[in-house]
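S.K.: One-letter residues, chain by chain:
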Amino acid sequence: MDKYIEMIRIRFLMMLAYRTNYYTGILIYAINIGAYYFLWAAIYGHKTQIEGLSVVQMTTYVAIAWMARAFYFNNIDREMAVEIMEGKVAVELIRPYSYLMMKTMQGLGEGIFRLFFFSVPGMLIVSFIFPVKFTWNPAVWGLFAVSIVLSFLINTQLNLLTGITTFFLFNNSGLIRAKRVVIDLFSGLLLPISFFPGWAQGIMKYLPFQGISYIPSMIFSNGFTRQAAFHAILEQAIWVIILVLPIQVLWSLAKKQLVIQGG
Amino acid sequence: MKMKNAIEVENLRKEFKGYSSRSGLKGAFRDLFTRNYKIVPAVNDISFSVKQGEMVGYIGENGAGKSTTIKMLTGILTPTSGRIMVNGMNPHQERERFVQTIGVVFGQRSQLWWDIAVQESFRLLKKVYKVSDAHYNEHMNHVIKTLDIEPLLDKPVRKLSLGQRMRCELAAALIHNPPLLFLDEPTIGLDVLVKLKIREFLKEINEKYNTTILLTTHDLSDIEALCQRVIMLDEGNIIYDGALNSLKEKWGEGKELQFQFLKDPELNAVQNLTRGMPVYWELDEKKMVFSAMIEDNELVSRTIAKVAEAYQIRDMKINEISTEEIIRNIYEKGSVS
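The listed protein sequences derive, respectively, from chains A and B. First residue of the first sequence: 1, per the working numbering; consecutive thereafter. First residue of the second sequence: 1, per the working numbering; consecutive thereafter.
Bound-form chain B, shown alone (with noise of 0.2 Å):
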């Protein structure tokens, strides 16, 4: 049997119209009659799917166009051409009766009542969504229980700290049970122990309900606690959409060695040990820290042999190469092929 897609995205475009100011007072005076108006694609025809219960990391750098990929996926923004279907529906079209289907926590916005008491948002949400008492009592007992905010239901919001806050937001994403998640930044500004209790939570109504989660976050430990497949976005485009492990073992192959020496030689002489090579050199001249990024494992014992015949080490390190490494060499190469 097929497994149904949560998610279907084909040929994906949204366009702003931007305008540019003329520079100078005589630009200012032209700029009242006429501007210089720029249509600025920032989703650029893109395709993806997702298969319901997956956990999919939604990576990119600022402005490549996750938020506003998030914002048509809940309906919220028109697309400018392209198809969208989620949960078997088109999200803008019928927006009333889809987002139900939906919880969405936008971290760095609130969606509880400021003035109020969290229990108070809760009830409301829980009209709103027309969630039954016998439903509510059996879930969210547990999500409550479960992330730990019992004893911040009688406060008003805003006496909440942003790790409470946080968790609170989640709970009420919750209310309605979704078969599928959005969460935009959910762990941003949050100190490890939260972060942690959330990450936990997540994979456990993953594997509870089945819940399909779609995230996006610039915290890569985030996406590699929870997600198995990653798709990376930028400038509008999906340049890599795939299992995290094999973005890994293709571009996370190689060490980085670090050397500090008794004594310390030039940076040229230590790059001519290795001549004819594929190792790159760079120095921290702060901390007079040589590192060596090697691309190919069978090279780093020979890069040490040749190293310590030459100079005196003092202290020696091998690292592997970071998730976020990786990305940063995605970006800078512009694509992943």
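Isolated chain A (complex conformation) (with noise of 0.2 Å):
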């Protein structure tokens, strides 16, 4: 475990050596948060309610749907693609680690900097501008814990598929972007799941891309009762187990039929 504690370490070290972005990284967040605000006040125009969300509630709901996403989001899918391609990866393999137990650590280390150097400024910030309302209630908290957590997994998991996919189709900056959108969309950043008409969100129901920005968000702007957070959680756990299968299966074939690029 030693190393993949050290791995995060590293991760981290690699996040301050490139202060720009990081600059960088939190005027792009705290612009989307502004645009989406702006755009849903439009919207809710004198409303006081649209479909059970207040206001308030929105607002709250946009601001920690993208603090949120600096915890969950990463660019591993993109990473071992580059690695994959340039032939990196068989430095990858000559070491006595899970390769994509290594890159999910990575994406860990990002995630906890991005935690506390972005989202938890960030969210100052906002705080002040925008009429956020946080709650105080430790139940909600420790629940909004749970439910990122497994918000990462999930995405992360979802990007170790695309990122295997490099092995079989060489080139797929293609799939990369097109994953990044699906999750954008369908995860309930842009837009709360309830908000999608009735066909759309059944068919929802079936896909896990809620589980990662929908399922803490509303957790934390008290849109679920105590029962449909806890069933939520569950779901997301059960996505985790499930999404295990299809990257063990692809990682075993894409083992068999590595071709190392590049001599």
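Under the rule of at most 27 Å between Cα atoms (straight-line distance), these lysine-lysine pairs were calculated in the DSSO-like manner:
#: 1; chain 1: B; residue 1: K127; chain 2: A; residue 2: K255
#: 2; chain 1: B; residue 1: K127; chain 2: B; residue 2: K145
#: 3; chain 1: A; residue 1: K88; chain 2: B; residue 2: K17
#: 4; chain 1: B; residue 1: K317; chain 2: B; residue 2: K306
#: 5; chain 1: B; residue 1: K263; chain 2: B; residue 2: K287
#: 6; chain 1: B; residue 1: K287; chain 2: B; residue 2: K317
#: 7; chain 1: B; residue 1: K195; chain 2: A; residue 2: K88
#: 8; chain 1: B; residue 1: K38; chain 2: A; residue 2: K255
#: 9; chain 1: B; residue 1: K130; chain 2: B; residue 2: K203
#: 10; chain 1: A; residue 1: K256; chain 2: B; residue 2: K17
#: 11; chain 1: B; residue 1: K195; chain 2: B; residue 2: K155
#: 12; chain 1: B; residue 1: K51; chain 2: B; residue 2: K208
#: 13; chain 1: A; residue 1: K3; chain 2: B; residue 2: K130
#: 14; chain 1: B; residue 1: K155; chain 2: B; residue 2: K145
#: 15; chain 1: A; residue 1: K255; chain 2: B; residue 2: K17
#: 16; chain 1: B; residue 1: K155; chain 2: B; residue 2: K127
#: 17; chain 1: A; residue 1: K255; chain 2: A; residue 2: K179
#: 18; chain 1: B; residue 1: K248; chain 2: B; residue 2: K317
#: 19; chain 1: A; residue 1: K3; chain 2: A; residue 2: K255
#: 20; chain 1: B; residue 1: K159; chain 2: A; residue 2: K3
#: 21; chain 1: B; residue 1: K203; chain 2: B; residue 2: K4
#: 22; chain 1: B; residue 1: K250; chain 2: B; residue 2: K51
#: 23; chain 1: A; residue 1: K88; chain 2: B; residue 2: K127
#: 24; chain 1: B; residue 1: K130; chain 2: A; residue 2: K88
#: 25; chain 1: B; residue 1: K317; chain 2: B; residue 2: K286
#: 26; chain 1: B; residue 1: K248; chain 2: B; residue 2: K51
#: 27; chain 1: B; residue 1: K286; chain 2: B; residue 2: K255
#: 28; chain 1: A; residue 1: K3; chain 2: B; residue 2: K127
#: 29; chain 1: B; residue 1: K286; chain 2: B; residue 2: K306
#: 30; chain 1: B; residue 1: K145; chain 2: A; residue 2: K3
#: 31; chain 1: B; residue 1: K155; chain 2: A; residue 2: K88
#: 32; chain 1: A; residue 1: K255; chain 2: B; residue 2: K130
#: 33; chain 1: A; residue 1: K256; chain 2: B; residue 2: K38
#: 34; chain 1: B; residue 1: K130; chain 2: B; residue 2: K145
#: 35; chain 1: A; residue 1: K3; chain 2: A; residue 2: K88
#: 36; chain 1: A; residue 1: K88; chain 2: A; residue 2: K256
#: 37; chain 1: A; residue 1: K3; chain 2: B; residue 2: K155
#: 38; chain 1: B; residue 1: K159; chain 2: A; residue 2: K88
#: 39; chain 1: B; residue 1: K203; chain 2: B; residue 2: K51
#: 40; chain 1: A; residue 1: K47; chain 2: A; residue 2: K133
Hints in this document: simulated from the structure, not taken from any laboratory.
Please assemble the complex out of the two chains, which come individually in their own frames, going by the hints.
M.R.: In structure tokens:
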């Protein structure tokens, strides 16, 4: 386990090595949250409620969704694609660790870095500018914490899956981009799932995407009853377990037909 | 007592599936639906073994299958067929346990983390290989001193020169002091001083720890300096496996004579002088150097006598046939026997 923790530390160092990225990141997130706040304010107009969410709840939803994204989001799919395309994966395979586990830990290192140096200060700034309503109920915070850890796992598993497809497709930048758009849309980052038409909601119930953003954001903005929150977290956990299977299958297939590109 | 073999390979084979594109627009459309696949063997049923403590040069032209073999021996690629035992394990099946016992340096690929200081990479590798502090200090202090990389440790890898980086790479591959070391073109693009330092270091660890070293390189001086034994590969087949010395004795017999004359004769006329003897003439027309390849050493003085009698010599050299030339000859012929 030592080596995986050390990897988180290394990732921290790497994030610190590129400070400009860090500052521009904060700016981009602030702009995004601002834009969505004004958009939703316009949509609500004089209405007090849409689909059971008030304006304040909606603002909180948007802010928390983006801040949670800072934690669960990572680029390991693209990193894997580059490593596989350039043949660097050979170096990873001569080390006594699990490549996929190491990638997950790198994603976690990045996530923890952003959570502390990015989401927390960002959230403070946002709460001064926009009418965000924080709850101080420790039970909600606890459920939220469990829920975003599961978000991270689901999102990372999907990234690993996309990354592994590079072994078969050799160039999958299109797939990676498509996956990102699908996740932003279907995870409830741009629009809460309850705003989708009924038939779409029905389909999404059978997809893992809402476990990434919708569930933790709804828990935090008190959009769920306690019962529904527990149920939603259970659903996330089930997805984490289900997704292990295709990853293992694809990975063992990939190793068998591995071609190291570039000599 | 029978010595333990570090590497045992039997009928090892690796095939790649390639496809060829059809020509023209029509062909490109047909390729959309069906492709012409063909199976290309990169490594063709080879067998060899390497004893613990040996230093073996693994040579061959580009595309001969060297890197593919190394990748199978290190557990990266799965063989199509055949048996591999390295350090008593099957590399591909027990990958995580197996790679604890080997060190690998890829000359063309860095295994250090690009953006962080060298010592951070070392620290991570120390954890990865579960090396204790005591072992690390004792072993690595020595490695760091010998390779002279102490002043580089706090620099990020991207700021190092190639020679500095290679020395750090070598140190990184040795953190867990593996009994078996694979070096895939470790001296590519390095200057002479760094090359010498690396060779000396490799000799030293081989003597000190009885480390087995398998080395691929295009630079034959590396092999001459380090290896008693070479395995030569051509198009996926082993065409020579044995001592470097006997290769030289068998193929390196003979000399090359180079003449420059005061008045340049015709090449034909010179060739006529040694008619009936196994002497092959070549002419470098730019410099007007006539060289004679003589396989039999006893013919050297007779050739010189005949040439000196017929023409006035301005300059003359007698050269040994170099290992490089020997190997070029072998590749041109395609086999050793």
